[in-house]
Every structure is written in structure tokens, then in C-alpha cells.
Amino acid sequence: MIDYVHPEVPTQDKRWRLVQAEMRKHGNAHSALIQTLHAVQDAYGYLDPETLERVAANLRLPLSKVWGVATFYQHFRMKPSGKHTCVLCTGTACYIKGAGELQRAVEEYFKVKLGGTTEDGELSFLSARCVGACGLAPVVVVDGEAVGKLTPEALINHLEGVIDADQ
Amino acid sequence: MKKTTMATIWLDGCSGCHMSFLDIDERILELAQRLEITYSPLVDTKSYPDHVDVAVIEGAVSTDEDIIKLKKIRSKTGLIVALGDCAVTGNVPSMRNNFQVGDVLDRAYVENAARQPGRPHEMLPSLLEKVKPVHDYVKVDVHVPGCPPPADAIYYVLSEILEGRNPDPIQMTRFGR
Amino acid sequence: MLINDELQQIAQPILDEEAGAEHSIRVCVAAGCISSGSDKVLKELKAQVKERGLEGRCLVKGVGCMGPCAGGPVVRVDDGDVMYHNVGSDDAGEILDSLDGEPVKRLAQSMDTPFFKRQVKIALENSGVIDPERLEDYVAHEGYHALARVLTQMQPWEIIDEVTRSGLRGRGGAGYPAGLKWSTVAKAGGTKKYAVCNADEGDPGAFMDRSVLESDPHRVLEGMAIAAMAVGADQGYIYVRAEYPLAIKRLEKAIKQSERAGILGKRVLGTTYDFHVDVRLGAGAFVCGEETALLASIEGRRGTPRPRPPYPAESGLFGQSTLINNVETYANIPALIRNGADWFSSMGTETSKGTKVFALAGKVNNTGLIEVPMGTTLRDIVYEIGGGIPEDRPFKAVQTGGPSGGCIPADHLDSPVDYETLSKLGSIMGSGGMIVMDESSNMVDVAKYFMEFTTSESCGKCVPCRVGTTHMENLLTKILSGEATHHDLQLLEELCDLLQNTSLCGLGQAAPNPVVSTLRYFRHEYQALLTDDEVETTAQEEAE
Amino acid sequence: MSDQTVSIKTLKIDGRDVSARADETILAVAQQNGIDIPTLCHLDGLTPVGACRLCLVEIAGSNKLLPACVTTVREGMEVFTESEKLNRYRKMILELLFSERNHICAVCVSNGHCDLQDLAVRLGVDFIRYPYLHPVEKVDASHDRFVQDDNRCVLCGRCVRVCGELEGAHTWDFMGRGVQTRVITDLDTPWGESDSCTRCGKCVHVCPTGALIEKGRSVAEMAKRRQFLPYLTLMRQEDQQ
Numbered sequence: 001m002i003d004y005v006h007p008e009v010p011t012q013d014k015r016w017r018l019v020q021a022e023m024r025k026h027g028n029a030h031s032a033l034i035q036t037l038h039a040v041q042d043a044y045g046y047l048d049p050e051t052l053e054r055v056a057a058n059l060r061l062p063l064s065k066v067w068g069v070a071t072f073y074q075h076f077r078m079k080p081s082g083k084h085t086c087v088l089c090t091g092t093a094c095y096i097k098g099a100g101e102l103q104r105a106v107e108e109y110f111k112v113k114l115g116g117t118t119e120d121g122e123l124s125f126l127s128a129r130c131v132g133a134c135g136l137a138p139v140v141v142v143d144g145e146a147v148g149k150l151t152p153e154a155l156i157n158h159l160e161g162v163i164d165a166d167q
Numbered sequence: 001m002k003k004t005t006m007a008t009i010w011l012d013g014c015s016g017c018h019m020s021f022l023d024i025d026e027r028i029l030e031l032a033q034r035l036e037i038t039y040s041p042l043v044d045t046k047s048y049p050d051h052v053d054v055a056v057i058e059g060a061v062s063t064d065e066d067i068i069k070l071k072k073i074r075s076k077t078g079l080i081v082a083l084g085d086c087a088v089t090g091n092v093p094s095m096r097n098n099f100q101v102g103d104v105l106d107r108a109y110v111e112n113a114a115r116q117p118g119r120p121h122e123m124l125p126s127l128l129e130k131v132k133p134v135h136d137y138v139k140v141d142v143h144v145p146g147c148p149p150p151a152d153a154i155y156y157v158l159s160e161i162l163e164g165r166n167p168d169p170i171q172m173t174r175f176g177r
Numbered sequence: 001m002l003i004n005d006e007l008q009q010i011a012q013p014i015l016d017e018e019a020g021a022e023h024s025i026r027v028c029v030a031a032g033c034i035s036s037g038s039d040k041v042l043k044e045l046k047a048q049v050k051e052r053g054l055e056g057r058c059l060v061k062g063v064g065c066m067g068p069c070a071g072g073p074v075v076r077v078d079d080g081d082v083m084y085h086n087v088g089s090d091d092a093g094e095i096l097d098s099l100d101g102e103p104v105k106r107l108a109q110s111m112d113t114p115f116f117k118r119q120v121k122i123a124l125e126n127s128g129v130i131d132p133e134r135l136e137d138y139v140a141h142e143g144y145h146a147l148a149r150v151l152t153q154m155q156p157w158e159i160i161d162e163v164t165r166s167g168l169r170g171r172g173g174a175g176y177p178a179g180l181k182w183s184t185v186a187k188a189g190g191t192k193k194y195a196v197c198n199a200d201e202g203d204p205g206a207f208m209d210r211s212v213l214e215s216d217p218h219r220v221l222e223g224m225a226i227a228a229m230a231v232g233a234d235q236g237y238i239y240v241r242a243e244y245p246l247a248i249k250r251l252e253k254a255i256k257q258s259e260r261a262g263i264l265g266k267r268v269l270g271t272t273y274d275f276h277v278d279v280r281l282g283a284g285a286f287v288c289g290e291e292t293a294l295l296a297s298i299e300g301r302r303g304t305p306r307p308r309p310p311y312p313a314e315s316g317l318f319g320q321s322t323l324i325n326n327v328e329t330y331a332n333i334p335a336l337i338r339n340g341a342d343w344f345s346s347m348g349t350e351t352s353k354g355t356k357v358f359a360l361a362g363k364v365n366n367t368g369l370i371e372v373p374m375g376t377t378l379r380d381i382v383y384e385i386g387g388g389i390p391e392d393r394p395f396k397a398v399q400t401g402g403p404s405g406g407c408i409p410a411d412h413l414d415s416p417v418d419y420e421t422l423s424k425l426g427s428i429m430g431s432g433g434m435i436v437m438d439e440s441s442n443m444v445d446v447a448k449y450f451m452e453f454t455t456s457e458s459c460g461k462c463v464p465c466r467v468g469t470t471h472m473e474n475l476l477t478k479i480l481s482g483e484a485t486h487h488d489l490q491l492l493e494e495l496c497d498l499l500q501n502t503s504l505c506g507l508g509q510a511a512p513n514p515v516v517s518t519l520r521y522f523r524h525e526y527q528a529l530l531t532d533d534e535v536e537t538t539a540q541e542e543a544e
Numbered sequence: 001m002s003d004q005t006v007s008i009k010t011l012k013i014d015g016r017d018v019s020a021r022a023d024e025t026i027l028a029v030a031q032q033n034g035i036d037i038p039t040l041c042h043l044d045g046l047t048p049v050g051a052c053r054l055c056l057v058e059i060a061g062s063n064k065l066l067p068a069c070v071t072t073v074r075e076g077m078e079v080f081t082e083s084e085k086l087n088r089y090r091k092m093i094l095e096l097l098f099s100e101r102n103h104i105c106a107v108c109v110s111n112g113h114c115d116l117q118d119l120a121v122r123l124g125v126d127f128i129r130y131p132y133l134h135p136v137e138k139v140d141a142s143h144d145r146f147v148q149d150d151n152r153c154v155l156c157g158r159c160v161r162v163c164g165e166l167e168g169a170h171t172w173d174f175m176g177r178g179v180q181t182r183v184i185t186d187l188d189t190p191w192g193e194s195d196s197c198t199r200c201g202k203c204v205h206v207c208p209t210g211a212l213i214e215k216g217r218s219v220a221e222m223a224k225r226r227q228f229l230p231y232l233t234l235m236r237q238e239d240q241q
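Protein sequences appear in the order of chains E, D, H and A. Using the working numbering, you'd call the opening residue of the first sequence number 1 and step up by one each time. Using the working numbering, you'd call the opening residue of the second sequence number 1 and step up by one each time. Using the working numbering, you'd call the opening residue of the third sequence number 1 and step up by one each time. Using the working numbering, you'd call the opening residue of the fourth sequence number 1 and step up by one each time.
Treat the hints as calculated values from the structure; they're not laboratory data. Do not take every clue at face value.
Claimed, not checked - Calculated pairs, DSS-like style, for lysine-lysine (alpha carbon to alpha carbon, straight line, at most 27 Å):
#1 E:K83 <-> E:K149
#2 E:K149 <-> H:K105
#3 E:K25 <-> H:K253
#4 H:K50 <-> H:K40
#5 D:K3 <-> D:K69
#6 E:K14 <-> H:K249
#7 H:K424 <-> A:K85
As the list claims (entries may be wrong) - Estimated spans, in silico, between C-beta atoms of each pair:
#8 E:P10 <-> D:V104: 26 to 36 Å
#9 A:T233 <-> D:N112: 45 to 55 Å
#10 H:P177 <-> A:F80: 29 to 39 Å
#11 E:G98 <-> D:G78: 50 to 60 Å
#12 E:G98 <-> A:D36: 53 to 63 Å
We put the beta carbon where it would ideally sit given N, CA and C, even for glycine.
Please model the complete structure; the sequences and the hints are all you need to start from.
This is the structure we're talking about:
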């Protein structure tokens, strides 16, 4: 008998059931890993080690491989993000039109480095390699919505508005 | 025949390369017939001569003073030999590069001080943020890796230079030897 | 014929609608315009049409990209020669009021401009015309007719022959002849084959693929189905960036629609031929645009390239023979089949046939998506179609090909855009990003921007790219800080040579291009930043 | 071997006429004929990956350099394993490797038994022109028998492959990418806490440098033993038939 204990599965956790559904959709095949990681991030907001262990067991993959894949792709977050996210587009068009100034403004005003979250957990400031809205450069994506043709002041105002809205 | 003048310099290193140089034993007499050491920790000259044919440098570049010294030496010297891993790669002194200079000083002069703990501040050259090899600051003509380079390699390099040839010591020594 | 009757039936509702309507109002609902609020404009227009009892008389529909992205939200009424820019939902009433009279002057921008007149649309022929979320609309515009034709009238080798004769080359970057690629896969052994669509558009500054997928998803599916039939594949994958949620949504919807209609899936259009398509999401890795890395990623692995050969045509996805083309290549196929190879090859230059879609951005008046015949000059693109540079500032360079491409200076503005010319100029066609720069751009800074990009996107597998890009970026930073010497510049140039010749994949081999091309045309900008070379002067003194 | 006949190719390596089975790599054929092409990520018995680029060779009639470890022979091929250009590139690649991490040979347990060090001697690398990157690296001594020292890792992936392909444990893999790539055990768990590690030690002995070592070794004491590889590989091949 193999004495391998499967990680405990939280059957009541709705989030896990979404992840399970994704794996089942792909026949629990090894090749489902990246799609599954997307599902984990959609459901949990980030990739936490416990869930990754369960994913590895379900897809019969080595732990190191799961970690290797999860850390290879920029889209996957290994830490929970803030209440709001501001994704700065760093594509060429945005760069030419002043994405750097937007970055400096946000970093200074909110005291947060690109890739980090403010101390109060209100805002995560992330970057993306071109969101494909180059005509509107410079662009940021705030909580999933693209906002274009920004100046540093306009961006700060917008973010303040978003944060204040639910306070 | 006029003797070739030579300087040996000791920067941030353990002096092992100088020891290894002395390890060429009686061959030093042979070299001495054609070579005159005009500046060295081994001799009593205080200031660097206006012209030296060959300078052999041991040790990595660790302080602001080292840089000043090097630039002066480069301008007054024909051929520069980086002797040993510290001069060639940074070697052991560069292991402090992963720490802040302040932390390094504290470890040495505060945490591990038996008495009068406190950072030195007066009269001492200040540490550079990173320890670097000699060629990061001045042009080096011959690199002799090794920790230390074996006496045979040093003898070979000096003899070749005296013969007016460009020595290639890599088959006689290597990083870490 | 049965198949065509079926298609006719699918299209009928649209044809009826259009026949009954006096006016049609099209609102762009591609991502650019949506982020400026075009979805609200569409909703408002629909609501007011209902309120005014104009339903049936006036059609309102959301359509794909119409081109002038910077003017969004854009709206077009009927086929007139004006387009409304920057439309808000409170403009809806005024637009409807004007239906039978003069256009709303306040919003109207003339379409009688080179931006529209100089374009020739193949891949984008339905963009801005049809509702991307309705299969019926696509079919009503000759959609899936090419697929029907190949299924009923053509042998696989005839399809490949047609593609070969057309001179179509891969639109993803390197410009490999599509027909040759198809025939290699067709000839490969094995029982299972795959057709893969590369929609991992990773160049910063490029959004052609996103736009095609958002504006006309069925077109890509049709192109893939035709390719799959030609090479003998029964499974397709579209590998699309997770950063393109709208494109993914529309693609998935399109796949569902066409499966339900019996166009894709089992027994395509009632024939014995099966073709399933699935979407696979990328996760933010530029290197996955390289075909072997892309396949590794579809297989759920780290997206690291492997040495070729074997090429994917011999051993690709899951070890099987695999055809990989990018979005725009597939999007050319339906029109190519419908109109024939001769029609297609009548456009373009000797070696580069057809048209090319470009995402025009940067310091240019008309930013947006354009499609022009191959061979159009850079000057025409920048000054005619692009409307020149804001405030008439002097043009400095145009960057094509993204991080794998280069900067082309004013001296070469009259060069025609084709694969060979661009590569001779030290850049590449790439997937179609085109960034215009004026005199305010420092070219060393531009090179560093791209180097920074490649450094962080290097997969880390092979040594030259992993460590070399890091050093190159550091050297450029040093040059920009004014602390670098001629020796540093020499190190930089040596690294360019090393990476070009020894890197494992195209990303590493092309990584130096932005540096090499700016050095070629703007070397003085580098030299101006160098300090006196300590090392060299000493050496000179010695020599004296 | 199956009884399927394999065709034989003839080709030239460095001007010498040699023959090879059609499925053999340039590297293997060169080795059989006593021609030594420098390698680092390659190790007989593990799947070749063509990552270090040291084994690049020139082929007559092609301006592309090809990795000998993964390129199979072709009839009439003319291979050159040495040239001024190849030597220059190989030296640069070594310099890049030395500059990437903190290789302090003088205090390394593998001093004198290190593939990287040997290559430097062989290719005549006596100093590194690129500024050292001096990254801050971890040393994982949590395992009771072994130590992992990232300061000396060259990311050749031999440990990853031997663990996955021969031991079957797949304890190791790469994480991150680019110059941030690291080899890790399990979910970047300390090696000593890894559930999947079988303590077989193969990774330690295939490691070309002092990045993976046995505990309790002092400077220059860590010689690697790789005798097990050919036997295990042979057994694996026989199993597959």
C-alpha cells in the first residue's frame, strides 16, 4: 500500500469547487495546469501554497513543477492583492506618452512601489506588458476597467475616487 | 644593461600572493639580475616612483584610497599585472558585497569587538559600496588568477615579461588554485 | 447546394433586418472604445430607438474596431462619409434627430481622408461592419462561405496550392511562407495533428490580433478550420493572452455559436470532417510567442523554447505534427479562398503579397489600427494615413517589430513596408506594432526601454540571453547615467553579436535589434553620453 | 536495439571522415572519435537541452551555429568544432556565467573538481570583463546530508533532469524566469522538509559546480562521482524496450 496522504480537500469551499470544475473540464490532464492556475487565481485572488498542493495532487504533478509553472508567468500572483488594483500599462505607446510619469506619481502619492500593495491594503499597483489599448495611451486598468489618455493628476484623482467610493 | 623596474602593490588581499612570489625561492636571484624592485611593501620606498616598468598588483579594490592609488599607478607604469584572484575577480574580499557597508563595519568593530566597540571614522580610507577587481578601474595588461597563483606561474609571468613576451599563464594556474 | 442553403438560412434574420431598415447606426464595441464608454452609448441609442418607435426602421448595432481608436467612442451612421468621434451617451438624441437630415457637425469627422481612403482591408474587412457577437452577421457577410467551398469543391492539396500561389507569408513576425508551412504539416506522418493559432500578442505597442479577435472572431475560426482541413488536423487551439478578456469572451462565444450551428465540432457543415477548437489562456510571458515555447505552455509547462529541429510541423503539440500560424495569417485565409490566389497576390510587392495590419501609435496624429497594402511607404503611413506628427514637430524615427525590431530614421521614410526592406534596414516586420517618435525621444533611452523588456521576458534557459540581456541593460543604464566609457560601448556591441549568434531562440537572437539599429542610425547619441575613456587614454599615453 | 535497421551516415568533423548512425548527435559522434567539444549542461544519460550553448559548432554552408548536443548528423555534413569565432563566443559565455552568481573558487568545496573552473582553464578565461552582478543568494543547509548553495549554481538543470528522469522523484525544478531563475525543491520548500526527495544524492553528483554538495566537506574536498549514470541509463533503455 502506498502511504501517500492526499491533501485534505475542503468539499464545502465554493472556490475549490470552481477549481475542481476547471480541472474536470480538462480531464484532469497534466496539460490543464495553467488553465487550473487561472481558475485558482480567479477564485482565490492569488495562488496560495495549500491550494497549489491540492492542484498538484489532483493533476498528479510534482510540487516543484507546479511551483515552477506558477512562478514563470507574470500574470500569476503569489500574494493576495489589495482591495483595488491599478495596472499600469508599460507598452511602448504608453511609455512614449508618459507611463513613467504616471508610475512616479502613483508611487509617490500612495507610497507604494510598482508590484506592491499599500500598507492599508487598499491599493495594489501592478504593471502589464501592453493592455492593447495603445490608441488611448497612456493607459491604466483600474479594477478591470481601462482608463486612458491620463495625466498624473487625473490618475491620482481617479484612484482617490475609486478608493473613497467604498469608504 | 639597464634593469627593468618593478613595483608590487598590496590592496585588499591577504598578502598570500606576495608570499607565493617569495616562494620562487632561489630563482629570485636570477630575476634580481635583470629586475629591480623600486616600490613594494617588501622594500622601504615611501612614494611611488615617477616611472615603473611593471607593477604587480595583489588584492581587490575596496576603498576610495585604493582607486586613487590605482589611477596614479596606471599613469606612471608601463605594464600592469593583476596578481591573484582578489585582483582578478574580487575573490574573498568581494564576499562582503552582499551586505551593507555599515553592517560589515558593525560586525567587525562593534559586534565582535572585545573592547572599545565603535566604528572607525578618522584617518581611515572609507570602504566602497562594492569590492571590485582591478580591471574595473584601470586597464590591466596581464591577469594571473589563483589563490594564490603558484610560484611557478609567477616566475613564468615575470620571465616572459623580461623577455619582452606577452605571458599567458592560464595553463599554469586557474581561479581558486 | 445543401451547405450553401444552410448558410443562407443562418444569415436570413440579418438579411431581413437589413432589408427592412432605412438607417443603421454602428457603435464600436472593441476594447479601446468600450474603455471610453461606448457600451453606454450603444445602450442609450438602443433605448431611445425603442422609445421613439424606430425599431425596424433604424438598426443599432455594436461592431468591431473602425480604426481611429484615439477618437473613441466612435459611431457611424449609414454609409455616409462622416464618422462621429468622442460620442457620449447624451449625444444619442441628437444623433437620432439628425438621421434624415444633416449629420451632427459637433461630432462629425470627415472620412474623406487618407486615413480611410488609403487603407485596403482584408483581415479587417468585417471590422466595424458586423456585430462580432452574432454568427448570423458574419455569415451574412460571406462568412464561412470559403469553408463551405473548400469542403465541397477542393482537395486538401488544392487548398495548400492556393495558399502557396497567393504568396501569403506568416504575419506573426518572421514571414515564413504560409503555403510551405501548411504543406510540411500536411506531409508529416502521424494520426493526430493540431492547428494552433498564436494569439499571444506580446509586443508592447501592438494590438492587431486583439482587435481582429474582438471585431471578427469567426473569421479566425474559419481560417483555422480551412487550414485544419488542408493539413489534416481535427483539433485546434487558440492560445490567447489572459490580458485580453473581451477577445477571450468573444472567441468563446463564437466557438459555441458555430458549434451549435454545426459549423465547427463534429461533422463540420454536415461533412465527415471534424474540427474542434479550444481556447487556451496565456499567462503573461512574451517568450510564449515563440512557437516551441507556446506549445510548451499549451501543454501546461513553463514556456521555455527548445532547440529546433525538430520543427513543430514534425513534432509539435504533445509530440504530434502541428501547424502554428498567428491570428492575422488565419484572418487572411477566408478572403483569400473566396477571391482566389491571383486576387491576393495582385496586392503588395514582389516578395510580400497582400496587406498588413499595423497598430499605429506614439507621436502621430491618427493613432489606431490600419491595414495597408504591402509596399506602402513609411512616409505614407506616418504622414498620409497617420496625419503627421502633432504640432508638426520633426519626425525622428519609427519603431517596428517591437522588442525584436528596430528604429528606422527619417532618411528611410520612403522605404516600402515589406519583409525584406524592413530587415535590410535593421528592423523586422514583426506582428505590426508601429510606434512613431519625434525629436523628444532619446534613442539610447528607447533602446534601454526595449532591453529592459527583453531582460524581464527572457525565459532564463540559455546563458547568452539570460545573462547577456542583463548586462546589456546594465550597460545601457550606465551609458545613460553618463558614466560609461568607450570600453563599455565595445562590451555592449560584443554582447549584441553574441546574443544574435548563440541564443537558443528568436527572442534572444533578436533581443539586440533595438540596440543595434539605434547604434546604426543614432550612434552619435550614444557617443555624446560617453565620458573620457580612462583606460583608453592611458593606453594612448603609453603608446606615445 | 530493435531489429529495425538504422541507416548509417558519413560526415566530416574537423576535417576527419567519420561515420554515424542516423539518430546520433554530432556531440556523440565527436566523442566517439576523440574530438572533445566543450559542454556544460550536457551529461551523458540525461536528455540534452541545448541550454548552455558551449557546444555550438559551425556547419559548412550554414551561417547558423548549431548545438552539437541536440543536432543529429546528416549525410555529407561538414562540422567544425573549433574556430576563432567559436572560441570567442565560448569564452564570452563562460564570462557571463562567472559574472552571474558569486563564484569564489578559493573557498568553494568543489575547488579543483569543478566543470566551470576546468572550462575556464581550457578556454583560456583568465578574467571576467563583465561587471559581477553579485546577487544575494540563499544557501539551504536544511537537509541533513546535503547543501544547496545558489551562489555557485549555473542553472544547467542537470539536477532537475536526473531527479525527474532517473530517480523519478522530480523534487527539483526551475522557478521564476530570466536572470531570476532558481532551482527549487517542491513548492520552494527547504530541501530538508521536502516530502518528495528520496535522499538518493544523484543531483549532488551530477552538479557541475559546488552548488549541490554533501554536508561536512571542506574547501576542495567535494569531488563528484558519476559512475552510476551510464548504468542507470542503460537499465532505463532496456526497460523501455
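Do the hints match the structure? See the list:
1. E:K83 <-> E:K149: OK: K83 of chain E and K149 of chain E at ~24 Å, within 27 Å.
2. E:K149 <-> H:K105: This hinted pair holds, its Cα atoms lying about 24 Å apart.
3. E:K25 <-> H:K253: 17 Å, holds
4. H:K50 <-> H:K40: Roughly 15 Å separates the two Cα atoms, so the pair holds.
5. D:K3 <-> D:K69: 24 Å, holds
6. E:K14 <-> H:K249: 23 Å, holds
7. H:K424 <-> A:K85: Since the Cα atoms of K424 of chain H and K85 of chain A sit roughly 24 Å apart, the hinted pair holds (cutoff 27 Å).
8. E:P10 <-> D:V104: 26 to 36 Å: 48 Å, violated
9. A:T233 <-> D:N112: 45 to 55 Å: Taking Cβ atoms as reference, T233 of chain A and N112 of chain D lie about 51 Å apart, which means the hint holds.
10. H:P177 <-> A:F80: 29 to 39 Å: 31 Å, holds
11. E:G98 <-> D:G78: 50 to 60 Å: Given a distance of about 53 Å, which is inside 50 to 60 Å, the answer is holds.
12. E:G98 <-> A:D36: 53 to 63 Å: Hint holds: Cβ distance 55 Å, inside 53 to 63 Å.
Figure legend: structure checked against the earlier numbered hints; the only hint not met is number 8.
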